[in-house]
Every structure is written in structure tokens, then in C-alpha cells.
Amino acid sequence: MMRPASRPAHTLAVLGWWLLAISLLVVLIIGLLELIPIFRHRGSTLADTPLVNTPPSTRWIIIGVVLTGFTLIGTFAYSMVVMGETVSPDGQPALTIEIVGHRWWWEARYPRTRSSGSFTTANELHIPVGVPVRLQVASADVIHSFWIPRLHGKIDVIPGVRNQFWIRADSAGRYRGQCAEYCGLQHSNMAVYVTAESADRFRSWLAAQSRPAVVPPDGEAARGVHRFMETCALCHTVRGTEASGVIGPDLTHVASRATIAGGELTNNRGNLAGWVVNAPSLKPGTLMPRIDLEPSELRAVVSYLETLR
Amino acid sequence: MATVAERLATVWEPPRSVYSTLASVDHKVIGKRYLATAFVFLIAGGLEAAVIRAQLTHSNEHLLSPEAYNQLFTMHGLTMIFWYAFPILSGFSNYFFPLMIGSRDMAYPRMNAFSYWCFLFSGVFLYTGYAVGLGPDRGWFAYAPLTERLYAPGINMDFYTLALIFLTISGTVGSINFIVTAFKLRAPGMSLGRLPLFMYGTLTASFSIIFALPSLSVACVFLYLDRKFGTHFFDPVGGGSAILWQHLFWIFGHPWVYIVVLPALSFVSMIVPTFARRPIVGYTWNVLGVVMTGVIGFGVWAHHMFATGLSPMAMSFFSAGSMTVVIPSAISIFVWLATIWQGRVVLTTSMLFALGFIFLFVIGGVSGVVTAATPFDWTITDTYFVVAHIHYVLVGINLFPVIAAFYYWLPKMTGRMLSERLGKWNFWVMFLSFNLGFFPMHISGLLGMPRRIFTYPAGVGWDTVNLITSIGSYIFAIGVLLFVINFFWSLFNGPPAGDNPWDASSLEWATSSPPPPYNFEVIPTIGSRDPLWEERLGMGRRSSLRRGPTLAGSGKETLQTSTLDGEPVAILRMPEDSIWPFIVSLALLAAFYGLVTSVWGLALAGGVLTLVGVHGWLWPSRTAVEA
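So the protein lines, in turn, are chains X and C. Here our numbering = 1-based position in the first sequence + 2. Here our numbering = 1-based position in the second sequence + 1184.
Note that these hints are calculated values from the structure, not bench results.
Computed spacing ranges between beta-carbons, pair by pair:
#1 X/W19 to C/M1497: 20 to 30 Å
#2 C/V1308 to X/L236: 45 to 55 Å
#3 C/W1609 to X/D92: 48 to 58 Å
#4 C/W1609 to X/D50: 16 to 26 Å
#5 C/L1651 to X/S283: 27 to 37 Å
#6 X/L48 to C/I1659: 25 to 35 Å
#7 C/A1234 to X/A224: 54 to 64 Å
#8 X/P282 to C/L1651: 24 to 34 Å
#9 C/V1798 to X/G71: 46 to 56 Å
#10 X/G33 to C/L1748: 37 to 47 Å
#11 X/M231 to C/M1497: 47 to 57 Å
#12 C/L1795 to X/G33: 49 to 59 Å
#13 C/M1497 to X/D92: 13 to 23 Å
#14 C/Y1777 to X/M4: 47 to 57 Å
Just so it is clear, the structure is predicted and the values come from calculations on it, not from any experiment. Just so you know, even glycine gets a beta-carbon here, dropped at the ideal spot from N, CA and C.
Chain X on its own, in the form it takes in the complex (with noise of 0.2 Å):
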């Protein structure tokens, strides 16, 4: 509700607002009902004050019965106009993203467009700024929720489900997110970043993100290649060489991203060679395992991701 950064998140927040108003005049008005009484009519001690004998009078509780519902229904009519503005993309939408949930990282996949070929990475999307975006959201295993709150509300990303949402920002800029049903052990750092940038930018990102990787021609990256085929390729995939194993994130171009391990970690040499070699301690119950890297072997292959820009 705070800093909403698009139209769908702009119009639920201002609905909360209203909600938010409506809602403190009614515990204003039930308080003050409540205290005046208090004060008017009080007794002391429960000797000192007999037993009141008038008779009941109703008229007040159906009054505020009334008022209650008409403001309920009022309530519900209003919650209902912004359902239907917000519920389904508020024009064409530029582009279909698909998105699956995994513990603990979001997987992306960008469909092919006239300027580039279709392509997966993770847990960083970008998106044209100012236009409807839809997204397809499938779970690689338990439920998850996509939510970037300053675009938009929550999607329940469920196994067996193919569920449909949409996302917009009306201001270029950076918009964190993170899963929102309770997925296991690291639903804490299960992140996601989606970048709104102009639709040239925008083409530009789609056109390096679409390329295979590039194989480094020597030196220590050149060694690291090796071991990484012979280890990490099993779970994932570089384009354009032989790693094409789907457990883990897409790297063709992971460092191009800002953060790894489901925006647990910024994405720096230190951070990346402790994460490969002993992902289990930074993020217990990972998918990632302990490998053993002789730290030559480990320069190498971290040069090597280094590489995949």
C-alpha cells in the first residue's frame, strides 16, 4: 500500500486508504459509544448502585445494525469496481513472462520476440516500463506466492495450477519482492527483483540475455570451464556450451545479476566462490551442495561465472 509504483497498485492503495478511513471512524465511533457511557452512568460500588428497572429499548441496536450494513454494502460494492479494474491487465499486454517457483529462487522465462530469441534466468526480471505485463506462474515443487508489492497484488504460484497475474510499473526503477506463502525452511530468502526500464533499454537487456554465453579463450576462466562441466552442469544450464541441467538457475548470464541465492547474497567474488563451494552453510537446506574444490579449481570456475555477463 506504501509507494505504490503502477496503476493496478496505485488503485488497491488507494481502496486500502478508504478502508483504512472507514475503519478508524468506526473504532472512533464505537469507542466514544463505549466511553460516554462510562462516564455518564457510572456507579461506584456494586452496593451503592441498584438494579436499573426501565425497560429495554432495541431502537439503537437496529439502527446501528442498519448503518453497519449499508456500509458494508458500500464496502463491498466499492472493493468489487476495483476487483474488476485490477484483476486483468488494463490494456494489451507487451509481453507474457513465465514464472516458476522453486525453493528458494524464481525461475523466468522471457518468450521469444522480432529482436531476440526466447531465454531463462532468474530471480531478476525486467520488465518495459508503463505497459501491462502478464505473467504465467507455474511451481517446480511446493506453493509459493509471487508478489512485487509496489506493482501489484499477490499470485498463489501452486503445483498443478497454471495461474495468471499480471504486474505493471509506471516509473522506471528497481522493485523488490519476496515469496509470500510460507514455502519451507528458506521461504525467508526467496527474493525477487524486477527492473522497469524504458522500452529501448528494455529490448537492449532482452537482446544480451537472449545470446549464448560466450567461452572465455584462455587463462584461468578458460580453466574453470572444465570443472564446472564436470560439476555444476549437471544441475545448470550455460547456452551455448554443454551445461544444460534444469535443477538449478539458468547462469548464461549470471553476472549480469545483482544478487545470487535467491537474492540472499550480493553477487560478488567472495560471495559467489563461498557460495559454490559451501552453499549448505550460507543458506541451510538448499538444493545446492558442498562441493569440494581444490581453491585453485575454485579461482577458476568462480573466474569463469565471472565471465557469463
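Using the hints, position chain C against chain X.
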């Protein structure tokens, strides 16, 4: 010749022994056990919450491992929602049902004992899992498929399913007992229109339980089969449905919310008139409101699932249902307000808690409306906003009335008053710290903080609100401690209460404090809603509390009356104490231990022993044959 009281005492008062402790079927003994046990669970759940709040006080805290945290928040939810919130209400209902309707016991005293033992042992069972490090760790809501063996390989979640199945036995048995007692054992003349409002809350909740609990039991049985025997009820890969769990769970789960608040509301409906010094205004309205809540409560469950991709048509239906359920709650609120306006308020501790409750009820109610507004729910569901809402509901609408009820009725149970001075401190500390701690949770939710996270990064702006929440909840714990201190102070130093310390109008105040094992020397005859006030209200003496049938024969007897009008129908022979309910529950406990550990021999032995125990239970006693 012995007096009536002496003759009744010979029949109803068992000699004190270990056997009679385990075999007692006295509703007052069972009621007190329920209250004490549920309160222990409240303390346990509170301690779990204290550790949780320590972990969340600031960002990137590493006090707890993720696994420890997940077990803690799951145990906190389970303990509070299942082993505290409803049993504590059952405790009051058990103790006061017969006293309020002029009966000598519940309709099925042995079932009553059985219900308590199942409650206790299911809790012991659950905590065995936690004690050996295998506590449930998938949330009290346990969404599949995260709970399936593939994603939760330990037996943690088997403790969950089996403990709940065990507990539902207790709840179902108890509810049947409440319903039959309220309908069949009322004093002559107590027509349904003269039934104390206290009874309607528990009565409605009992009907809801009978319809809602099977859904939970079935879901738990399915999940147990999935986990132990490889069925695929909730496994989408094997052709099952993950969303089926949510439907089954919430068809039970939302009525459960009303089950744990309706009896509490009805406590307040007893307390408010006493301290507003007048009969309740809008008795019939209140009854209608309570019953309507119970009924409509079954048509709102999918508002827990607004983000699961339901069709807009379905969402609008459940949104409308959820808004409609506010109407009967509003009726209750306006009934209390009208009673206060048309009476003269005496601010005792009990009344302060009741008034504080009304205020918190309104906050919990309006935040409920906010979550019922479907599109806005997409932004707040699964955030701390809902955590705030559920705590305003469960603490505000359950714990506050419960503490009010303790201040009101403990003098009847123990015969001693609590300290009013400490009580007022107790109220203000609890009321202020509750709002200090739990109101900011709304804000952390609006700031985007999801539920059930064991930590959060710095820089997302959730540190300050969480610090305030932690501070508030620790002060709140001190508030609860003040109550405990007051209770023990009163046990030893409290001034004697006398029969009717609050000058209240209902029947439980017509007998001594604490009441004798047979409750009333004379089965009273009832002629109005406020039998103890009727003369002073100018109605004349309509009820007869001192003269009437004594049923002081050779065995335990009470009167059965007709369902609507309370006309005498028959004299019922009540069962003697029995050890069998205890043995049967113990056998079930053994069976559940067998089921959870896959030691099938133990499960089978427990099952056989259960059957044997039921035979022992039903075996006609010599005295019954002679009589």
C-alpha cells in the same frame, strides 16, 4: 435422619484417593482441569512467542536456526489455536453449564472425562514430538504439498496429523455433551427463551464443531495416508490436488475462528449485564446474532484463498459472505452498548476486561472487513497485517474475555476473591501493551513484511516496527504474569467470596462458592431469565430456588426436561465415577505413538486395548443392575 445435604453428599462426594482422582466424572473437576491444562498451554505458547519475538527484534538476527524457528512458529500457532483457545472455553462451559441450568452434572459425565483425557494426551503427544526435536514445522495451516513426505521427510508432520486427529475426538465428544446437556438437563421452567446467553455461545460453537471438525479429521487422515502409505490426495504429480488441502482445511478453519470466539462473546454477555446493573438489552437479538454467526461462518472459508487464482465470481461470493458475517457481530456489539447505555456501569476488573474486549473486537472486526475486500486482500494476505488481525481476534476476542471470565467466575470456583487493585494493573498493562505490540504489526504488513519469515534483511524498513512489536509483546507477557500472581494470591489470601459476590442474576450464583459436588440441594424451578434479580426487577417471585425436588435417593440422579419448554420429563440415573475413560484415552495415546513411529504392533495393541476399555466402560455395574 440425615439432612438432604448430607444424603446428597454421601451419594455425590467420592472418598479422596488416587483412584477417584483419575476416575472422577464431576463436571466441576473436569472443568477446572480443562482450565488449568489450557492455561499451561497458553504459557507454553507464550514462551514460544517470546523466543520468536527475540529472533524478529531486528534484521539479520541469528539467535535461531531456520528449522528451530519454523518449529517454534508452528508450535506457537498449534498450541494457541488448538490446545489453548478452545479448551479454555470448554473449561468454563464444563464448569458452568450444569450450574447455570440447575443440573447436577453434564449429560454424559464419563464422555466428559474422556474428552478431557483426550485433550490432555493429544497435547502430551504433540509436545513429545517437539521435545525430541521432531515438532511440526510446516505451519499450523500445513499447506500441501510442503507437508508431503517428499518435502517433509521427518515424522514431524505425522505428529501434526495424529495430534489433531486425537484432539478432534476430544472436541467432538465434548460438543455432543454440551448440546445434549443444554437441550435436555435444564431446570424445570427454563425454556430456551430463558437460557442464559452463556449457553448460546457454546451451543452454537458445539454445532459448528460437529460440522467443521470432520473436514479437519479427513484432511489429516488423507495427509497421514499420503505420507505413510504413498497415496496421492494432495500430491499434484500423482494426480492429487494441492488446493484440495486448503479447501478442506479452511472449511474447518474458518468456522473454527467462530468456535473459539462465540463462547467468549457469550461470557461477555453474562458479565456486561451484571456490571451494567440491568438485564441485557436485546436478548433475542443477541441469540440471533450468535446463531447467525455460526451458520454464516460456514460460507466464508475461501477468503483465506483470494490469491490462489479463484474465479472473480467465486471471490465476489466469498467476499460478500465475509462481509455479511460482520452483521451478527455488529448485533452483539450494539447489544452490549445498548446495555451499558441503559444501565449504570460499575468498573470492576472483570468489566474492564469486557469493555477492553469490545474495543479490541471492533479493531479485529474492521481489519477483518479490510481483508474481506478481495482486491485489497491481494496486497495484505500472507503479510503481518493478517498476523495483526489474527492476534486481535484471538487475543482480543478470546484471551481478554477469558481473563474477564476468570475475574468474574474464579470466586465461584475457589470461594475466594481476586485482588481488584492488582486486577486493574493487570488490565491496563495487558490492554496498553497489547495495542503497543500488536497494532504495529498492521504497519509491518502494509510495509510488505511477509508472514512466517525467520529473518529479514536490513534496509527494507521493518526494523523499527518489529522492535516495537517485540517490546510490546514482552510487556504483555508481564501482564499475563500479573494475572497468575493475582490468582495464587487469591488462593491463599483472597477474601471469601460468598455465594454471590457480584450480585449477579444467573443461577450459578444461587449456590455456595465453591459449589458442593451435587451443585444444588434443590433442583430449582425457573420462571424468568434473571432468577436472582426477578423480585427486585418488580416481576415478583417467579422462580423457586429453595423448594423443589431434591432427588436425594440412593444414587446419582438429575432431572431431564423437554427441549423447548423445560417441562420435567424423567429422572435420570447418572453414572458413577469410572476409570475407563482414562484407560481408553491412554490406550489411544499408545495407539497414536504406534502410528507416528510406524511401530504397527504398538498401534494394534493400543487399538485392541481401546476396544477392551470401551467394553469395560459399558459393562453394567452391579449397583446399576440392583437399582
